[in-house]
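Now for the letters of each chain:
There are 2 protein chains.
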Amino acid sequence: MALNSLNTATPVGKTKSGSLAHYLPFLNWLVNYRREDLVGDMMAGLIVTIMLVPQGMAYALLAGLPPEVGLYASIVPLIIYGLLGTSRTLAVGPVAIVSLLVATGVAPLAETGSGEYIRLAITLAFLVGIIQLVMGLVRLGFLVNFLSHPVLAGFTSAAAIVIGFSQVKHLLGLSMPSTEHFYEQVFYAAANFTASNPVTVAIGLASIVVLFYFKQGLGRQLKRLGVAEPLVVPITKSGPLIVVLGGTLVVWLFGLNETAGVSIVGDVPAGLPPLSLPYFDLSLWEVLLPTALAISFVGYMESISVAKSLASKRREKVEANQELIALGAANFGATFTGGYPVTGGFSRSVVNFAAGANTGLASIITAVLIGLTVVFLTPIFYFLPKAVLAAIIIVAVVGLIDVAAFKHVWRYNKADAASMIITFGAVLLVGIETGILVGAAAAILLYVWRTSRPHMAVVGRLGNSETYRNVLRHQVKTCPHVLTIRVDESLYFANTKYLEDTVLQMVADRPEVKHLVLIGAAINFIDSSALETLESLISELRDAGVEFHMADIKGPVMDRLQSIGFVDEVGNDHIHLSVHDAMQVLNCT
Amino acid sequence: MALNSLNTATPVGKTKSGSLAHYLPFLNWLVNYRREDLVGDMMAGLIVTIMLVPQGMAYALLAGLPPEVGLYASIVPLIIYGLLGTSRTLAVGPVAIVSLLVATGVAPLAETGSGEYIRLAITLAFLVGIIQLVMGLVRLGFLVNFLSHPVLAGFTSAAAIVIGFSQVKHLLGLSMPSTEHFYEQVFYAAANFTASNPVTVAIGLASIVVLFYFKQGLGRQLKRLGVAEPLVVPITKSGPLIVVLGGTLVVWLFGLNETAGVSIVGDVPAGLPPLSLPYFDLSLWEVLLPTALAISFVGYMESISVAKSLASKRREKVEANQELIALGAANFGATFTGGYPVTGGFSRSVVNFAAGANTGLASIITAVLIGLTVVFLTPIFYFLPKAVLAAIIIVAVVGLIDVAAFKHVWRYNKADAASMIITFGAVLLVGIETGILVGAAAAILLYVWRTSRPHMAVVGRLGNSETYRNVLRHQVKTCPHVLTIRVDESLYFANTKYLEDTVLQMVADRPEVKHLVLIGAAINFIDSSALETLESLISELRDAGVEFHMADIKGPVMDRLQSIGFVDEVGNDHIHLSVHDAMQVLNCT
Numbered sequence: 001m002a003l004n005s006l007n008t009a010t011p012v013g014k015t016k017s018g019s020l021a022h023y024l025p026f027l028n029w030l031v032n033y034r035r036e037d038l039v040g041d042m043m044a045g046l047i048v049t050i051m052l053v054p055q056g057m058a059y060a061l062l063a064g065l066p067p068e069v070g071l072y073a074s075i076v077p078l079i080i081y082g083l084l085g086t087s088r089t090l091a092v093g094p095v096a097i098v099s100l101l102v103a104t105g106v107a108p109l110a111e112t113g114s115g116e117y118i119r120l121a122i123t124l125a126f127l128v129g130i131i132q133l134v135m136g137l138v139r140l141g142f143l144v145n146f147l148s149h150p151v152l153a154g155f156t157s158a159a160a161i162v163i164g165f166s167q168v169k170h171l172l173g174l175s176m177p178s179t180e181h182f183y184e185q186v187f188y189a190a191a192n193f194t195a196s197n198p199v200t201v202a203i204g205l206a207s208i209v210v211l212f213y214f215k216q217g218l219g220r221q222l223k224r225l226g227v228a229e230p231l232v233v234p235i236t237k238s239g240p241l242i243v244v245l246g247g248t249l250v251v252w253l254f255g256l257n258e259t260a261g262v263s264i265v266g267d268v269p270a271g272l273p274p275l276s277l278p279y280f281d282l283s284l285w286e287v288l289l290p291t292a293l294a295i296s297f298v299g300y301m302e303s304i305s306v307a308k309s310l311a312s313k314r315r316e317k318v319e320a321n322q323e324l325i326a327l328g329a330a331n332f333g334a335t336f337t338g339g340y341p342v343t344g345g346f347s348r349s350v351v352n353f354a355a356g357a358n359t360g361l362a363s364i365i366t367a368v369l370i371g372l373t374v375v376f377l378t379p380i381f382y383f384l385p386k387a388v389l390a391a392i393i394i395v396a397v398v399g400l401i402d403v404a405a406f407k408h409v410w411r412y413n414k415a416d417a418a419s420m421i422i423t424f425g426a427v428l429l430v431g432i433e434t435g436i437l438v439g440a441a442a443a444i445l446l447y448v449w450r451t452s453r454p455h456m457a458v459v460g461r462l463g464n465s466e467t468y469r470n471v472l473r474h475q476v477k478t479c480p481h482v483l484t485i486r487v488d489e490s491l492y493f494a495n496t497k498y499l500e501d502t503v504l505q506m507v508a509d510r511p512e513v514k515h516l517v518l519i520g521a522a523i524n525f526i527d528s529s530a531l532e533t534l535e536s537l538i539s540e541l542r543d544a545g546v547e548f549h550m551a552d553i554k555g556p557v558m559d560r561l562q563s564i565g566f567v568d569e570v571g572n573d574h575i576h577l578s579v580h581d582a583m584q585v586l587n588c589t
Numbered sequence: 001m002a003l004n005s006l007n008t009a010t011p012v013g014k015t016k017s018g019s020l021a022h023y024l025p026f027l028n029w030l031v032n033y034r035r036e037d038l039v040g041d042m043m044a045g046l047i048v049t050i051m052l053v054p055q056g057m058a059y060a061l062l063a064g065l066p067p068e069v070g071l072y073a074s075i076v077p078l079i080i081y082g083l084l085g086t087s088r089t090l091a092v093g094p095v096a097i098v099s100l101l102v103a104t105g106v107a108p109l110a111e112t113g114s115g116e117y118i119r120l121a122i123t124l125a126f127l128v129g130i131i132q133l134v135m136g137l138v139r140l141g142f143l144v145n146f147l148s149h150p151v152l153a154g155f156t157s158a159a160a161i162v163i164g165f166s167q168v169k170h171l172l173g174l175s176m177p178s179t180e181h182f183y184e185q186v187f188y189a190a191a192n193f194t195a196s197n198p199v200t201v202a203i204g205l206a207s208i209v210v211l212f213y214f215k216q217g218l219g220r221q222l223k224r225l226g227v228a229e230p231l232v233v234p235i236t237k238s239g240p241l242i243v244v245l246g247g248t249l250v251v252w253l254f255g256l257n258e259t260a261g262v263s264i265v266g267d268v269p270a271g272l273p274p275l276s277l278p279y280f281d282l283s284l285w286e287v288l289l290p291t292a293l294a295i296s297f298v299g300y301m302e303s304i305s306v307a308k309s310l311a312s313k314r315r316e317k318v319e320a321n322q323e324l325i326a327l328g329a330a331n332f333g334a335t336f337t338g339g340y341p342v343t344g345g346f347s348r349s350v351v352n353f354a355a356g357a358n359t360g361l362a363s364i365i366t367a368v369l370i371g372l373t374v375v376f377l378t379p380i381f382y383f384l385p386k387a388v389l390a391a392i393i394i395v396a397v398v399g400l401i402d403v404a405a406f407k408h409v410w411r412y413n414k415a416d417a418a419s420m421i422i423t424f425g426a427v428l429l430v431g432i433e434t435g436i437l438v439g440a441a442a443a444i445l446l447y448v449w450r451t452s453r454p455h456m457a458v459v460g461r462l463g464n465s466e467t468y469r470n471v472l473r474h475q476v477k478t479c480p481h482v483l484t485i486r487v488d489e490s491l492y493f494a495n496t497k498y499l500e501d502t503v504l505q506m507v508a509d510r511p512e513v514k515h516l517v518l519i520g521a522a523i524n525f526i527d528s529s530a531l532e533t534l535e536s537l538i539s540e541l542r543d544a545g546v547e548f549h550m551a552d553i554k555g556p557v558m559d560r561l562q563s564i565g566f567v568d569e570v571g572n573d574h575i576h577l578s579v580h581d582a583m584q585v586l587n588c589t
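Protein chains in written order, with our numbering: chain A, 1 to 589; chain B, 1 to 589.
It is worth saying that the hints were derived from the structure and are not from the lab. Computed from a predicted model, the values in this text were never measured in an experiment. Worth double-checking, as some hints may not be accurate.
A pair holds if it fits inside one copy or across any two, identical chains being indistinguishable in the list.
Computed list of lysine-lysine pairs in DSSO-like fashion (alpha-carbon distance at most 27 Å, straight line) [stated by the list, open to error]:
#1 Lys308 / Lys215
#2 Lys407 / Lys215
#3 Lys477 / Lys215
#4 Lys215 / Lys514
#5 Lys313 / Lys514
#6 Lys414 / Lys497
#7 Lys497 / Lys308
#8 Lys215 / Lys497
#9 Lys497 / Lys407
#10 Lys497 / Lys477
#11 Lys414 / Lys215
#12 Lys497 / Lys514
#13 Lys407 / Lys223
#14 Lys313 / Lys497
#15 Lys407 / Lys477
#16 Lys313 / Lys215
#17 Lys407 / Lys313
#18 Lys313 / Lys223
#19 Lys514 / Lys477
#20 Lys514 / Lys308
#21 Lys308 / Lys407
I would like the entire structure built from these sequences, with the hints used as guidance.
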């Protein structure tokens with residue numbers, strides 16, 4: 001396999017910005033569309049539909065919206081993303097965390113399920129569309145890198161717990177007051193456990209068991225039974241559909257909604273999505289803005305992570321800023337067709353990929369099938385118990401709680417593990433939006449803290465080579481009158497005092513030293529605070545009879561030092577290209 | 001001068017923690033006190049008193065407190081600092097920025113100058129004492145390093161402007177409503193300019209002229225006239241005293257307070273400071289906490305900066321955590337003797353140093369002289385016009401506006417200049433406490449942003465040396481099948497995607513490359529996000545037929561990579577001690 005494949009297989013990433021195909025990525029696959037791509041696209045489109053119908057309704061329930069809103073959000077946004085997105089396998093639509101954020105943001109402003117509530121959710125989709133579009137156009141896609149993996153992992157695990165517990169009331173058939181903190185839900189459920197509806201509980205638990213069986217045991221059994229490979233994925237992924245149909249049948253046959261008080265979905269209007277408009281009210285937008293920002297950011301994070309990871313498996317590339325534009329446009333689509341905020345979902349995208357999606361056409365096929373569903377099949381869902389939808393959500397989010405990731409990070413790096421724990425705890429205790437902000441801030445502060453006490457090594461010559469390494473780790477040669485120190489960090493405000501104190505201490509401990517050589521191999525920049533400190537360090541050393549040298553300073557750092565006159569201050573003959581040069585000049589080889 | 005001097009001249013910094021002299025630094029100078037130290041200490045003590053009497057009253061006015069409070073805060077706190085502080089020349093007492101913070105924090109809670117107002121200021125001193133003491137005991141002194149020089153410079157300049165404009169009402173003899181934003185004061189003064197008291201304006205402007213003359217022209221003239229050197233400093237520093245006496249005389253002689261409505265200080269009670277107590281009220285403490293934190297932090301910053309800079313001039317050392325303890329204790333002293341929050345002041349400390357202060361005794365002498373002043377001399381201040389005190393404050397803060405520092409930083413580093421401008425603007429527009437927080441956050445985010453797109457260089461061999469440098473900057477040898485990349489940054493979450501994208505692009509642009517060598521000389525750590533990215537990068541390169549090598553990885557980084565099994569993944573033979581080693585193995589020398 002030639003390296004060129006990196007080039008030829010990444011048409012999307014390589015399109016010149018400004019070209020038409022850059023802004024309309026579907027042109028890339030449309031002009032080269034082959035008949036054999038169609039089988040995979042159709043298969044993937046169908047399987048994702050089977051997952052998306054129950055999930056769409058379930059996530060709408062989680063967001064406090066009527067079930068049809070989840071289906072509406074799964075039509076036009078998917079077509080738009082299929083045309084504008086740079087990922088060929090991303091499955092856009094309602095997702096759990098975004099749905100939870102919608103509920104958190106809208107619930108204080110209107111009664112759950114009311115017309116006002118729905119229109120507020122639509123307004124959120126509108127704001128998210130604007131934010132993502134603007135971020136994409138001004139090329140802020142890189143911002144996503146400021147959230148570290150541990151923070152994201154901590155956030156996802158905590159959000160999964162919050163989401164899971166938010167469904168306990170449906171599972172128990174309790175009508176519970178909405179609360180600010182998730183643990184209040186837990187307390188309430190525990191205190192009112194005896195009031196739960198036993199039939200509802202039975203349906204919910206049975207659904208959970210079936211769903212877990214489809215997710216874990218069934219695949220192996222099918223293979224053992226010799227079922228053809230291409231059939232295994234569709235069957236194992238139809239778990240949600242099976243429990244929806246089963247639950248509906250049971251309730252309908254025994255009239256459980258009336259005889260046993262099982263809470264059901266009820267009327268789901270038939271027909272294509274209605275045209276809808278957001279509220280145009282600046283003061284309301286201001287109230288919704290924090291939630292809209294959180295959804296834009298978190299939604300984009302989830303989407304880009306899965307898109308990138310799937311693309312790299314097939315040597316395709318996703319383009320961060322175009323992804324923001326595509327997701328923003330998809331949210332506009334949701335706005336005007338009765339939906340609510342959408343993004344690329346993790347599990348459905350993986351299924352889409354595994355089922356063989358080759359191009360954005362898979363997404364468009366899913367949209368058409370969901371369209372047919374809302375036109376013809378909604379009466380089926382009348383008797384669907386809400387406990388089944390709750391079970392679907394719970395099983396979906398349990399897999400997001402990632403204990404192994406935590407153990408791995410803990411073993412590698414305690415600071416990263418700390419930021420993970422802080423994010424996890426903050427999301428659970430303070431709330432989902434503040435939690436992720438706290439986590440992001442903690443990660444950045446831990447990073448600054450880590451760089452504020454840089455590793456510093458005294459180095460010496462390794463054998464007869466020109467390599468100079470830490471005297472504590474290697475058998476090296478040094479000479480008493482020269483102290484050669486490598487600072488393993490850029491010099492900036494947070495570590496400049498530490499550097500000064502440590503160097504002065506090192507020199508004070510070695511009265512025989514006449515020359516100090518500071519190695520710049522690991523110094524990537526020197527900010528103005530550090531520059532001041534270096535100047536005072538040099539004069540302190542001079543007063544103490546020690547000459548200051550620098551070696552192995554990088555080009556960009558040197559340019560700056562030269563421009564400000566620092567090089568003249570140190571003396572041009574005290575600045576050496578390499579450590580070895582310095583040692584030769586100082587008679588220490 | 002031997003290097004040992006760094007050792008012997010730093011008795012304070014070198015005392016073992018746990019020893020008595022560590023916690024009671026005055027023992028260090030007391031046991032070695034020489035008679036010749038006394039002259040300098042007495043002279044400095046006297047000169048600082050001459051400055052401090054008018055400044056203390058002026059800063060109390062700025063804080064919205066009666067003038068005697070400023071004097072009370074200049075007695076016991078000075079004695080306590082003299083005994084506990086590690087700086088021998090720091091002059092503690094009321095300072096401008098802390099006084100402004102007191103006014104900002106207390107004004108919304110009580111009527112200016114009322115008994116309640118005073119007791120709230122005392123409570124602030126109590127809280128500041130607790131905070132600084134705790135910070136010192138848990139060794140948080142290093143936190144001060146997280147404020148960069150540009151942020152501090154921007155903060156100081158903006159605070160000087162806010163302070164200066166807060167005195168315009170006294171200078172014009174206007175009674176102005178207290179406002180939230182400093183620019184409202186400016187608008188109000190401009191709009192009501194015609195209502196100002198002309199006699200007050202005349203006194204104020206005359207004081208300003210005299211003060212500037214004492215500050216700038218007088219010293220030169222005295223020297224030209226042949227005045228003995230030791231007398232020059234006392235005379236030039238007595239400007240405030242002169243305008244206080246002159247202004248008082250003029251008002252008293254012509255009865256200007258009655259005939260012309262000049263606002264005067266009025267009765268200043270005679271006698272030693274009263275015993276006083278803070279409010280013990282948790283909910284009130286909660287309200288005052290943000291202000292107390294700001295005072296603790298900003299006060300400590302101002303104090304430690306001047307203490308360190310003066311100490312280094314005499315090869316003494318200040319110990320950050322003991323300084324916090326000493327300042328905290330000084331604030332306790334202020335709490336119980338009718339004072340308000342204090343810290344080490346910049347200008348008075350410089351004068352103390354220049355006037356020859358040798359030990360903490362200078363501080364104690366100042367305290368005794370101020371004590372004598374409040375017992376015997378307060379009747380003198382009855383006719384003192386407030387405009388004179390305003391003039392003293394304005395002249396003191398004008399010097400803090402540092403345009404040269406801004407120009408210097410701008411020339412060296414635009415990101416540092418940006419954080420300076422942001423801090424400056426935020427303090428002026430949003431307020432003094434929020435402003436410094438915004439500035440500190442901006443500096444940290446700019447730093448993260450800077451490290452998020454690291455400099456990366458392709459390197460080659462320099463002549464026949466073992467030195468490998470940037471191909472764009474040096475005449476070096478490379479070979480087509482090996483790509484050697486130096487990344488000039490630690491690898492962590494903010495730059496990991498950038499690294500992956502850039503490396504893949506570089507490899508894609510060079511189809512002939514079979515080996516990629518990543519140089520770790522500038523990589524000081526690899527966090528868990530970056531580790532994941534490296535793993536996926538390696539597998540992507542492997543799929544493209546490129547082998548991944550690492551060279552010159554530092555000890556601490558290597559230890560971690562080894563512990564997590566990453567080294568086995570890369571292959572032990574693909575990790576090289578130096579770049580030159582790698583090149584030899586890859587036949588590229």
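So, going through the hints one by one against the coordinates:
For a Cα distance limit of 27 Å, the shortest separation of lysine 308 from lysine 215 inside one copy, 24 Å, qualifies, whereas the shortest one across copies, 65 Å, does not. Taking identical chains as interchangeable, the C-alpha atoms of lysine 407 and lysine 215 lie at most 27 Å apart only when both belong to the same chain, with a minimum of 24 Å there against 64 Å between chains. In this assembly of identical chains, lysine 477 and lysine 215 lie within 27 Å of each other by CA distance neither inside one copy nor across copies; the values are 62 Å within and 57 Å between. Taking CA atoms no more than 27 Å apart as the test, lysine 215 paired with lysine 514 passes in neither setting, with 71 Å inside one copy and 42 Å between copies.
In the homo-oligomer, the alpha carbons of lysine 313 and lysine 514 lie at most 27 Å apart only across protomers (21 Å), although the nearest pairing inside one protomer, at 57 Å, exceeds that limit. Taking the shortest alpha-carbon separations for lysine 414 and lysine 497, both the intra-copy value of 25 Å and the inter-copy value of 22 Å come in at or below 27 Å. For the identical chains of this complex, lysine 497 and lysine 308 are inter-copy neighbours only, at 10 Å across copies versus 41 Å inside a copy, given an alpha-carbon limit of 27 Å. In this homomeric assembly, lysine 215 and lysine 497 never come within 27 Å of each other (Cα to Cα): the closest approach is 56 Å inside a single copy and 32 Å across copies.
Proximity of lysine 497 and lysine 407 under a CA criterion of 27 Å is satisfied inter-copy only: 23 Å between copies versus 35 Å inside one chain copy. In the homo-oligomer, the alpha carbons of lysine 497 and lysine 477 never lie at most 27 Å apart, since the shortest distance is 29 Å inside one protomer and 40 Å across protomers. For the homomeric pair lysine 414 and lysine 215, neither the shortest alpha-carbon distance inside one copy (34 Å) nor that between copies (55 Å) is at most 27 Å. For the homomeric pair lysine 497 and lysine 514, the shortest alpha-carbon distance inside one copy (22 Å) is at most 27 Å, but the shortest distance between copies (44 Å) is not.
With identical chains, the CA atoms of lysine 407 and lysine 223 are never at most 27 Å apart, being 32 Å at best within one copy and 73 Å at best between copies. For the identical chains of this complex, lysine 313 and lysine 497 are inter-copy neighbours only, at 16 Å across copies versus 47 Å inside a copy, given an alpha-carbon limit of 27 Å. Neither within a single protomer nor between protomers do lysine 407 and lysine 477 lie at most 27 Å apart by alpha-carbon distance, with minima of 41 Å and 45 Å respectively. With identical chains, the CA atoms of lysine 313 and lysine 215 are at most 27 Å apart within one copy only, with a shortest distance of 23 Å there and 72 Å across copies.
For a Cα distance limit of 27 Å, the shortest separation of lysine 407 from lysine 313 inside one copy, 26 Å, qualifies, whereas the shortest one across copies, 51 Å, does not. For the homomeric pair lysine 313 and lysine 223, the shortest alpha-carbon distance inside one copy (25 Å) is at most 27 Å, but the shortest distance between copies (81 Å) is not. For a Cα distance limit of 27 Å, the shortest separation of lysine 514 from lysine 477 inside one copy, 17 Å, qualifies, whereas the shortest one across copies, 36 Å, does not. Taking the closest pair of Cα atoms, lysine 514 and lysine 308 come within 27 Å of each other only across two copies (25 Å); inside a single copy the shortest separation is 54 Å, beyond that limit.
For a Cα distance limit of 27 Å, the shortest separation of lysine 308 from lysine 407 inside one copy, 24 Å, qualifies, whereas the shortest one across copies, 44 Å, does not.
The structure shown violates the earlier hints numbered 3, 4, 8, 10, 11, 13 and 15.
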